[in-house]
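*Asks:* Sequence:
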Amino acid sequence: MPSRDVTDSAPDAAARVTPSVEQLTAWRAFLRAHATITRRLESELLAEQDLSLAAYDVLVQLAEAPGRRLRMTELAEAVLLSRSGVTRLVDRMEQSGLVARTRVEGDGRGVAAELTDQGFGRLRTASRTHLAGVLRHFVARLDADDLCALERISRRLSG
1 MPSRDVTDSA PDAAARVTPS VEQLTAWRAF LRAHATITRR LESELLAEQD
51 LSLAAYDVLV QLAEAPGRRL RMTELAEAVL LSRSGVTRLV DRMEQSGLVA
101 RTRVEGDGRG VAAELTDQGF GRLRTASRTH LAGVLRHFVA RLDADDLCAL
151 ERISRRLSG
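Heads up: the sequence shown is residues 1 to 159, going by full-length UniProt numbering.
Be aware that a few hints might be false.
[What the hints assert, rightly or not] With beta-carbon atoms standing in for the labels, derived distance ranges:
hint	residue 1	residue 2	range
1	Arg156	Leu24	29 to 35 Å
2	Val139	Gly108	45 to 51 Å
3	Arg155	Ala47	15 to 21 Å
4	Arg40	Cys148	35 to 41 Å
5	Arg141	Leu80	20 to 26 Å
Rather than coming from a laboratory, the hints here were simulated on the basis of the structure.
We put the CB at the ideal spot given by N, CA and C, even for glycine.
Using the sequences provided together with the hints, build the complete structure.
*Replies:* See the structure below:
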């Protein structure tokens, strides 16, 4: 079946810069799947652990970092939030005792977030809920070939 373009009124096919209907369908399916799974994981974490998915991601990133700490700018990049968004989230997490802010040695303006022991414990507990959700909403719905293909495609898209 030939690919149809959503800009059927375009006078010259070579001048078209929009995706085909099939390409947009794939794109929208990808976005819908991501949003659906993310909403489910978020809902389960909030209901069972009183922890947002973004806060869980901060805990994971810090737990995997050397010394369990990252500069705020590095943390913002790792969790895909703006610097101001990460600052507000870390503020709330610090008030809960999950993270602590520390100065970066040799950098008068540098600030890092560090995972506390309480935060590490919270991560261990919350990870049970999160990983069960990943298994239920993602892994269980795909076979081994699907998982390999999705990993290959995801690496290509993020590389």
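*Asks:* Hint by hint, say whether it matches the structure.
*Replies:* Evaluated hints:
1. Here the CB-CB span from Arg156 to Leu24 is close to 19 Å, at odds with the stated 29 to 35 Å.
2. For the pair Val139 and Gly108, the beta carbons lie near 46 Å from each other, so the given range of 45 to 51 Å is met.
3. Checked against the hint of 15 to 21 Å, the pair Arg155 and Ala47 fails, with Cβ atoms roughly 32 Å apart.
4. Our hint of 35 to 41 Å for Arg40 and Cys148 is violated, since their Cβ atoms are close to 23 Å apart.
5. Hint check: Arg141 to Leu80, Cβ distance near 24 Å, so the stated range 20 to 26 Å holds.
Violated hints, listed in ascending order, are 1, 3 and 4; each of the other numbered hints is respected by the structure.
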